[in-house]
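Protein sequences appear in the order of chains A and B.
Going left to right, the first sequence walks through residues 1 to 268 as the working numbering numbers them.
Going left to right, the second sequence walks through residues 269 to 536 as the working numbering numbers them.
FYI, nobody ran anything at the bench for these hints, they're computed from the structure.
Remember, it's a predicted structure, so these values are computed and weren't measured experimentally.
Careful, some of the hints might be misleading.
A short, non-exhaustive set of chain A residues, derived as facing chain B with CB atoms under 7 Å [to be verified]:
1) Gln118
2) Ile244
3) Val248
4) Tyr256
Even glycine gets a Cβ: it sits at the ideal position worked out from N, Cα and C.
Protein chains: 2
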Amino acid sequence: MEKIEGNLLIIGGAEDKEKGCTILKEFVKLAEEGREAKIVIMPTAAEKSDSVGRMYSDIFKDLGIRDVEVLKIDSRADGFSKVAQRTIEEATGIFFTGGDQLKITSLLGGTPVDFSLQKAYKKGVVIAGTSAGAAAMSATMIIGGNGDSTPQMDILNMAPGMGLVNQVVIDQHFAQRGRLGRLISAVAQNPYILGIGIDEDTAILVDAQANLKVIGSQTVTIVDGFNSTYTNVSELKPKQALAITDMVVHILPHGYRFDLKNRKPITD
Amino acid sequence: MEKIEGNLLIIGGAEDKEKGCTILKEFVKLAEEGREAKIVIMPTAAEKSDSVGRMYSDIFKDLGIRDVEVLKIDSRADGFSKVAQRTIEEATGIFFTGGDQLKITSLLGGTPVDFSLQKAYKKGVVIAGTSAGAAAMSATMIIGGNGDSTPQMDILNMAPGMGLVNQVVIDQHFAQRGRLGRLISAVAQNPYILGIGIDEDTAILVDAQANLKVIGSQTVTIVDGFNSTYTNVSELKPKQALAITDMVVHILPHGYRFDLKNRKPITD
Chain A
1 MEKIEGNLLI
11 IGGAEDKEKG
21 CTILKEFVKL
31 AEEGREAKIV
41 IMPTAAEKSD
51 SVGRMYSDIF
61 KDLGIRDVEV
71 LKIDSRADGF
81 SKVAQRTIEE
91 ATGIFFTGGD
101 QLKITSLLGG
111 TPVDFSLQKA
121 YKKGVVIAGT
131 SAGAAAMSAT
141 MIIGGNGDST
151 PQMDILNMAP
161 GMGLVNQVVI
171 DQHFAQRGRL
181 GRLISAVAQN
191 PYILGIGIDE
201 DTAILVDAQA
211 NLKVIGSQTV
221 TIVDGFNSTY
231 TNVSELKPKQ
241 ALAITDMVVH
251 ILPHGYRFDL
261 KNRKPITD
Chain B
269 MEKIEGNLLI
279 IGGAEDKEKG
289 CTILKEFVKL
299 AEEGREAKIV
309 IMPTAAEKSD
319 SVGRMYSDIF
329 KDLGIRDVEV
339 LKIDSRADGF
349 SKVAQRTIEE
359 ATGIFFTGGD
369 QLKITSLLGG
379 TPVDFSLQKA
389 YKKGVVIAGT
399 SAGAAAMSAT
409 MIIGGNGDST
419 PQMDILNMAP
429 GMGLVNQVVI
439 DQHFAQRGRL
449 GRLISAVAQN
459 PYILGIGIDE
469 DTAILVDAQA
479 NLKVIGSQTV
489 TIVDGFNSTY
499 TNVSELKPKQ
509 ALAITDMVVH
519 ILPHGYRFDL
529 KNRKPITD
């Protein structure tokens, strides 16, 4: 596990926006940390980026942040804008909304704004993403595949992600969309990768030591194939079902922590 | 694991009835085994027991069985019928259809027909059950609980089952209805119990040595909490999410085998 520098808040989608706002308040707290916060919302993934941007802007203002900006990236050209780069560089918290994770990577990947993001991340600026914004954070991301399906290679489509967190693959809306099959399929392809399934209204906060903490009302499912003794992945024909034995699975609710480097729950 | 005597064919529901009929043919083969087969269909769980009984009757006749009988048990009184007892005692294969597993246990449990079933089972007569008929086979059965939900105690309802196979709990329509959460919740309550999630058009054949073999187009998920190092089950308040660490999970497709006594895949 590479050392990671920043704080990542990776949200399984459908986070509470009206009642306790536990997860969004955590983001605001991390963006503040004793200074005047500047939150930048990236609705890049969203189809209706204006209304989604406005919605989150209103929420963060309600939560007491004065300086909230929506940064629209609707084309690769936008990713070359000097103004946009400066906006990212001045942010103390960056929030990716849901939508389509391929919009994030295809529009931003390799642009100067992408480099500004990586720089901000290394400085320790908190970067949050919900739903598609969560999926995009890993080096390889899941972009499609049926939920409620048995593990099969056909049900899974993957693509290069933003690479903010490596050696994991993240799935979101996890229990709610029955995505165990596709997460196991991803892990079986390379059991060195940890599969992290995040439920709705639930998030993981990943710190610079690669420890994660669960926040929110549901659970996080961690699938570890590291000690798996058998899989048939490399021999599978299309439509054939997957075999994999001896995976280790952890179910972690709010407050529980997990050490990504050593692949185990933190129980102190 | 208690010694089990018979052959159980436990089907995750929606088994193929039109193309290869892999699972239903396996049942027919086991009911035949070198003798004239007599198949008894138990549509006890079904709301429309007449039409369901007729459907399976037609299928088994198409598969070459001449002696097929539908045994209707619509009240507890029916479970005391001498004719019904004799029908079960003469069967070489007994098939429980889907429907509501509580209908099976509440109508049959403790009746003379139930005892006839147990006797047939000990003689080695194959007993098959699909969907509700599968769920009812374990000593404790799942009767309700949302699919596509995070593991929580609230999502699970259990009841005493038929007890044909012990120390396991069976869930069906497993991947298709996203039932990992509820199966894990069941296992967490007593990690000595093995959780067996059977997908649609997939079955396990459990033999007298308590070895199972997977048959069908999808997979079987086995959840083993035996070596789990931590769970919060006993402290949970309603609506709180479950924690459980270090479960072992196996995904097994067609042809794979598992040793229920020793809790491991058979890899010879």
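Evaluated hints:
no.: 1; hint: Gln118; verdict: violated, 33 Å
no.: 2; hint: Ile244; verdict: holds, 5 Å
no.: 3; hint: Val248; verdict: holds, 6 Å
no.: 4; hint: Tyr256; verdict: holds, 6 Å
Checked against the numbered hints above, the structure violates only hint 1.
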